Every structure is written in C-alpha cells, then in structure tokens.
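> Once you've looked at the hints, dock chain V against the given chain R.
There are 2 protein chains.
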Amino acid sequence: MDIHELIKSLREPGEGKIVLLVSDGIGGLPMKPGGLTELETAKTPNLDALAKIGVQGLSVPILPGITPGSGPGHLGLFGYDPLKFIIGRGALEAAGIGFQMQENDVAIRCNFCTTDAKGNITDRRAGRIPSDESAKVVGKLKAIKIDGVEIFVEPVKEHRFVVVFRGAGLGDAVADTDPQRTGVPVLDPVARNEASKKTAEIAKEFHRQAVKILASETKANNHTMRGFAKKPHMPSYEELYGLKAACIAVYPMYKGLASFAGMTLVGKSATLTEEIDTLEKAWNDYDFFFVHFKYTDSRGEDGNFDEKVKMIEELDKVIPRIQALNPACFIVTGDHSTPAKMASHSFHPVPTLIVSDLARTDAAEHYGERDAAAGGLGHFEAQYLMPLAMAHAGRLGKFGA
Amino acid sequence: MDIHELIKSLREPGEGKIVLLVSDGIGGLPMKPGGLTELETAKTPNLDALAKIGVQGLSVPILPGITPGSGPGHLGLFGYDPLKFIIGRGALEAAGIGFQMQENDVAIRCNFCTTDAKGNITDRRAGRIPSDESAKVVGKLKAIKIDGVEIFVEPVKEHRFVVVFRGAGLGDAVADTDPQRTGVPVLDPVARNEASKKTAEIAKEFHRQAVKILASETKANNHTMRGFAKKPHMPSYEELYGLKAACIAVYPMYKGLASFAGMTLVGKSATLTEEIDTLEKAWNDYDFFFVHFKYTDSRGEDGNFDEKVKMIEELDKVIPRIQALNPACFIVTGDHSTPAKMASHSFHPVPTLIVSDLARTDAAEHYGERDAAAGGLGHFEAQYLMPLAMAHAGRLGKFGA
Numbered sequence: 051m052d053i054h055e056l057i058k059s060l061r062e063p064g065e066g067k068i069v070l071l072v073s074d075g076i077g078g079l080p081m082k083p084g085g086l087t088e089l090e091t092a093k094t095p096n097l098d099a100l101a102k103i104g105v106q107g108l109s110v111p112i113l114p115g116i117t118p119g120s121g122p123g124h125l126g127l128f129g130y131d132p133l134k135f136i137i138g139r140g141a142l143e144a145a146g147i148g149f150q151m152q153e154n155d156v157a158i159r160c161n162f163c164t165t166d167a168k169g170n171i172t173d174r175r176a177g178r179i180p181s182d183e184s185a186k187v188v189g190k191l192k193a194i195k196i197d198g199v200e201i202f203v204e205p206v207k208e209h210r211f212v213v214v215f216r217g218a219g220l221g222d223a224v225a226d227t228d229p230q231r232t233g234v235p236v237l238d239p240v241a242r243n244e245a246s247k248k249t250a251e252i253a254k255e256f257h258r259q260a261v262k263i264l265a266s267e268t269k270a271n272n273h274t275m276r277g278f279a280k281k282p283h284m285p286s287y288e289e290l291y292g293l294k295a296a297c298i299a300v301y302p303m304y305k306g307l308a309s310f311a312g313m314t315l316v317g318k319s320a321t322l323t324e325e326i327d328t329l330e331k332a333w334n335d336y337d338f339f340f341v342h343f344k345y346t347d348s349r350g351e352d353g354n355f356d357e358k359v360k361m362i363e364e365l366d367k368v369i370p371r372i373q374a375l376n377p378a379c380f381i382v383t384g385d386h387s388t389p390a391k392m393a394s395h396s397f398h399p400v401p402t403l404i405v406s407d408l409a410r411t412d413a414a415e416h417y418g419e420r421d422a423a424a425g426g427l428g429h430f431e432a433q434y435l436m437p438l439a440m441a442h443a444g445r446l447g448k449f450g451a
Numbered sequence: 051m052d053i054h055e056l057i058k059s060l061r062e063p064g065e066g067k068i069v070l071l072v073s074d075g076i077g078g079l080p081m082k083p084g085g086l087t088e089l090e091t092a093k094t095p096n097l098d099a100l101a102k103i104g105v106q107g108l109s110v111p112i113l114p115g116i117t118p119g120s121g122p123g124h125l126g127l128f129g130y131d132p133l134k135f136i137i138g139r140g141a142l143e144a145a146g147i148g149f150q151m152q153e154n155d156v157a158i159r160c161n162f163c164t165t166d167a168k169g170n171i172t173d174r175r176a177g178r179i180p181s182d183e184s185a186k187v188v189g190k191l192k193a194i195k196i197d198g199v200e201i202f203v204e205p206v207k208e209h210r211f212v213v214v215f216r217g218a219g220l221g222d223a224v225a226d227t228d229p230q231r232t233g234v235p236v237l238d239p240v241a242r243n244e245a246s247k248k249t250a251e252i253a254k255e256f257h258r259q260a261v262k263i264l265a266s267e268t269k270a271n272n273h274t275m276r277g278f279a280k281k282p283h284m285p286s287y288e289e290l291y292g293l294k295a296a297c298i299a300v301y302p303m304y305k306g307l308a309s310f311a312g313m314t315l316v317g318k319s320a321t322l323t324e325e326i327d328t329l330e331k332a333w334n335d336y337d338f339f340f341v342h343f344k345y346t347d348s349r350g351e352d353g354n355f356d357e358k359v360k361m362i363e364e365l366d367k368v369i370p371r372i373q374a375l376n377p378a379c380f381i382v383t384g385d386h387s388t389p390a391k392m393a394s395h396s397f398h399p400v401p402t403l404i405v406s407d408l409a410r411t412d413a414a415e416h417y418g419e420r421d422a423a424a425g426g427l428g429h430f431e432a433q434y435l436m437p438l439a440m441a442h443a444g445r446l447g448k449f450g451a
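The listed protein sequences correspond, in order, to chains R and V. Just remember that this note's numbering sits 50 ahead of the position in the first sequence, which is counted from 1. Just remember that this note's numbering sits 50 ahead of the position in the second sequence, which is counted from 1.
Be aware that one or more of the hints could be misleading.
Same chains, same names: a pair is fine if it fits in one copy or spans any two.
Pairs of lysine-lysine, DSBU-like flavour, derived with a Cα cap of 30 Å [claimed, not checked]:
hint : residue 1 : residue 2
1    : 448       : 391
2    : 448       : 82
3    : 391       : 67
4    : 67        : 248
5    : 448       : 134
6    : 448       : 102
7    : 58        : 391
Since the hints were derived computationally from the structure, they do not count as laboratory data. Keep in mind the model is a prediction, meaning the values are calculated, not measured.
Just chain R, same shape as in the assembly (with noise of 0.2 Å):
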C-alpha cells in the first residue's frame, strides 16, 4: 500500500486548521564552515519562542544530495513524491506565469529564435531580446487559428513565451523542435506515440502561421518547442486528505503550483503583510493554508547573506498574527535550501517546525539548521510533512487493530 492509499484509507474529518508556512529557500550555510547560517544569525524571537514548544527535524526536499528545482521541492512539500510525480517543463512554465492549465491542455515551452533566408537557425534565443519587445511580438501570435483547437500564447520572459494548445484528444508526446545548435533548420514537431500525433499536427501548423507572422521581424523571424506537457496527473488535496486548501502566495509559479494540488488561489497579495492579511480573512473558509514567503529564497539567489537574514527577521515579525489564529498544526519549513554562500538552490535539508498541542517537544531552544538536526522530528523525507501535519491536526485514523 502506498503512502497516498494509507491516507485515504485512514483520515478522519476534523475540525484541527493547518498552516504550511512555507519560506522559500530558508535554509542556508555559515560563509565559512563553523559559522552560522543565515537562519542562525537571525534574531527570530517569535520562532524560538515556537521552537521551545514545537518539534523540529530536518526535511530531505528528495533525497540526499539532490537539489530540487522550486516543482519537485513544492510536490515533495504537498505530500507528493517528486520522483514519482513529474511536472512537464511545458506545464511547469504555464503554471509559472499563473497560467490554469485544464484536463485537455497541452502547454509548451516556446523561445524565439533568428534563422537565415535559407531557414537555417543563427540565434537559438533571438539575441535575447527584451521581455516588453517579446511580449509585442507575442501578441502578434494570438492571431493565429487552428479548426478544432483553442490556442492561449503569452509572453514569459526575454525570448521565452508559453504556448497552450486545448481541446479533445491532445497527447503530450512530442519530440522537441528546438535542434540544440545553430546552422540547421526548426525541426519539425514529431509525436512518439499515436495519442500524440493530433498535437504534432496542431504544432507544425501553428509553427507555419508563425513564421508568416513573424516574417518581418528582424530577431524574432522563428521559434521552437520544448517540453510538451499535459497538467500533472495528481490526485487533488480534497481526494487525498479530504482538505479543503487555500493557497496565498504573490509569486505566479507557486500559485500555478498549488492549483495543480487543486488548491484554491485566494486573495491578491503582494506583500508578506497582505498575504496574512488573506489568511485571516480566508480563516473560516478552508482546512489547509499554503502560505509563501519568496524573499529568503530571492536573497540567497542574490548571494546576499546580510539580506537573507533581514528577509527572515521580516518572516519572524508576522509568526505571532498566524500563531493568534490558533491553527492545530503550524509548519514553518521551506521547499529548500537557498544559501547565499552558493547563491542558488542547494541539497541541503531544511529545518522544519511543528507547533502543535500534539507535538513532541524537543530540546530545540531555536529555530535553525543545528536544532534541527539533533531535533524530535529527525531527517525525514519532505514527502512525510504532509502525514505528519494530518496526524499532528488529529486528523488521521489508527492503522490495523
């Protein structure tokens, strides 16, 4: 019996809320070894005040070593294995500009390219040009038309732009268009299985109107197509947990995310205020908050030490707004580790926390990787935080008599 099985055999209804506060990148490294982290540097008084009741552990995004991208270590998050449970690059760049793919959608990664008069590539990603640039070339694209298929394009970023094609009987394996080097032509869209051959027809013609389009473009005269993808089939938070989920979030790609979970997008943030904000309002309404707080993960991304650990202070002001709403399990964990040290994401596990009337205190005096490591909730794969929150919101029935 797999883990998903065993939930659903064993929940319970309750009434026990669950907030997954989740920072993104938290965890962090001493700029040189023996130091602290950046969470350890932090003066965080409300999250060692928590940590004092709480139980702490360490989460492992995937496995040991592995550094996650933001989907695997967000699925591994939600309770999904992310080995096992794949997002398509199409579906994850859709999801990453706040794009509702549907059951029929096939989502792709499209960049634009420059190719000579003979149609061979000179620029895979048309001199990169800039993203309001792109994004008026990319409204050029909505003109085009296929009988049997609705077609969403919308801009991304630079040279990138999202391409969705929906409608009925639309596979997602198609071989990429982009041949990875210059000199040689767009390839042409190839299916790898007879469900997929429909998209590959669509995708040649869509690719032929485009190029008319684009025809007098001096950059952006081409494109290609990467990572055909239909939504990840996930089972939703209401059918596995029985949740009813809100998430709050400012960023696009956490949202698109969270929706993919079957969570609910609510209220319109842009500031970690506002997204409690949210939360208080949205309180009555749902049994599971999804809470996102990007800049820990932005200022590790920066390679900025002294930022990230301000970012965390500002995480720490707001604990005692979600603690007063009185949830029966509280997480505060992130998707990964984001040093500034590496100034990317790392394989580091992460330091997660309980607060529940459930849990097991530990000897933690702070929230930080070393009380962690040595804490009740040992290292543990991030796949487990989700069992452990239903158990800990006494929401999970006994297994066997």
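Below, chain V without anything else, positioned relative to chain R:
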C-alpha cells in the same frame, strides 16, 4: 533483494542471545507542549545506566504520522514490513483470545445481533450483552456440526465471538455478512473467488444452524460474520533469522502475534516479575526472547499520566535482572506510543535503546524521547530493528567482499 532475503543470506550461527523487551505504548507526550513526557518524568536509574553505555534512537512504527494498532506495531518490531504483512481481522481476533491458528484455518469475527420477526436487524450488537451472558450463548453454538470441517466457536467480549473453520481447501476471500445498518437482513456469505466457495458454503450452513439454536434468545437471536482471514503468511523466526524464539507475555493478543512469527509461547505469567522468572528459567533454551509488558499502554489508554509514570518505574526495577543474564543484545522499546494526554495509541516514534558490547555509545544520559531523538540509532523504521538486533548480537556476516 529485500531485507528478508538479505538477512537470510548473511546470518551466521552465534551464541549471543537477544532480549526484545517491549513496553507497550511506552512513548508519550508532555501534558503541555514544552513539558516532560511520562518516560522523561519517571525515575529510571537502571534504564538511565543502560542509556549511558548503550545507543538510542526513535523507531517509526509504520511511516511518519501513522498510528499503528497492536498488530502492525508488533509486526514491525518483529521485523516484518507492516504495510506488506497484513493480519486479517479474523486472524487478529483469534490471536487476541489466544487461539493458535493452523495453516488450514479460516477465522471469522462474529457479532451477535438482534433481528425482528421478518429477519431484519434491529440491533447490530445485540444490546452489547454482557460477556458472561454472551459466553453462555456461544457455548450453545459449539453444537454446530458440518461435514468435512472442524469448527471452533470462542467468546471474545460482550456481543463478539470468534468462529474458526479448520479443513482443506478453505480460502478466505468471503465478503462480510454484516450489512452495516439496521432494518435489513443479515447478508449471505459470498465468495469473492473460486478458492473461497467452500468457505462461503460452510459459513452459510453455520449461520443456518446458528439461527435455529438462537431462536429462543431475546437479544442474541442472530449473528453476523466479518473479516474472514487465514493465518498470515509470514516466514518464521527460525526461517528468517535462524533463531529459536520465545514469547513471554501475559496477554493473549501478544502471544497470538508472536505465534504468527513462529515463536514458542513460554511459561504462564500473570505479572512482570513472573515474566522475568520465566525468562530466567528459559534462558538456556532459546536464542531470542520477546518479553511483553502491557501496563504502560493500559495506563496511557486510561489517560493517567502519573500511573503510566509508575508503570515505567515498575519496569525499571526488573532491568537489572535481565541485564544480569548478560544478553548479547538487550533492546528496550515499545510497539508504539500511547501518550496519557491522548489516551490512545499515537503516531509519535518510540524511544528505543540497544545495549550490547557492540553498541556505539551516544551522548544520551537518560532513556527517553529527547535523548532518543538525538541518539546514535537515528530515526528508523521499526522493521529494521531486527537486523540491528542480529548485528548487535554478532549474528550477521558481511555483505559482499
């Protein structure tokens, strides 16, 4: 290669004896987050002395967040993956009354119920008739005879009793006859595969005769049948580990579970002291001893923190007697946690202590949850305790060259 195949290929003959002392439900919770658990509160000088020379960890009975019943809890400790080796409800009920199932048996959980003149159920539990009254009615059912099958009928508690059919060719894929609601008749037993047709026919004939016998009863005038189950297919301790294994327990349920693993039930003990007497007497005759102490669980189930503390202190008193036998590997653990705060089994991992000449001592000063959380055994699935026991007893060879 699965862990059982691995162990079988690596095991070596040895002299070192293993004691698995299971203090049922020993893991606990502080009554208020931040406080001490039952085990941390108890004065346990003997266990603490062992903690200083042994190694501790937290054993996860099933998976993080999952609360086990006694069956899967013990199966994990005994080295069987509790999600793979499932004990059917009928077999567990038979184990619970100390009925020794054989290969040819199918056990069934039965409930007396009350039906009206039309045969429709009016009370699914026959007014929860008292156990002594129920036992008398069960006695009458012993008169039932069916050609080609031996039949056992044994009382359990209140309206519950167990029926066992013994004979060749009896499958256990038979649907429950309890319609799970009143106002309708008891269902016919229906075979869900070819191999269980004979069982279904016998069950139907049993019910026919039973209804005649019960006709004069006012409450218990009918019965339902649920959880048809054969003995679980488990490799024995002899087969797996090459161990001659003994079970020393007071309660039938734990004797039944041990017998599924092929352990020999040794002695008749009514108290912990008597169990240790039995252990001493049987010391030369076995390699492995499962010693079960029930009352930490019982007082936890009662929600009585102070009494659970006392039971732990009782347990501590017998520790020197076990240690004096000089086992090569002495394990103190529980099958799950039973926090007095929850008055029930819980999902919290279980403090586990291994004392052995081969134990790599950790920093622990006490046997308890906080020390175990940071201990040298880490947090591990209970099914790996037996490989650890074998290794600490010097009974496992090297894998690969």
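> Now tell me if each hint is right for this structure.
Hints, verified against the model:
For the identical chains of this complex, residue 448 and residue 391 are inter-copy neighbours only, at 17 Å across copies versus 44 Å inside a copy, given an alpha-carbon limit of 30 Å. When the C-alpha separation of residue 448 and residue 82 is checked against a cutoff of 30 Å, the pair qualifies only between copies, where the shortest distance is 23 Å, while the shortest distance within a copy is 46 Å. Taking the shortest Cα distances, residue 391 and residue 67 sit within 30 Å of each other only across copies (20 Å), while inside one copy they are farther apart (36 Å). For the homomeric pair residue 67 and residue 248, neither the shortest alpha-carbon distance inside one copy (45 Å) nor that between copies (50 Å) is at most 30 Å.
Proximity of residue 448 and residue 134 under a CA criterion of 30 Å is satisfied in both settings, with 26 Å inside one chain copy and 16 Å between copies. For the homomeric pair residue 448 and residue 102, the shortest alpha-carbon distance inside one copy (28 Å) is at most 30 Å, but the shortest distance between copies (34 Å) is not. Taking the shortest alpha-carbon separations for residue 58 and residue 391, only the inter-copy value of 26 Å comes in at or below 30 Å, while the best intra-copy value is 41 Å.
Hint compliance for this structure: hint 4 alone is broken.
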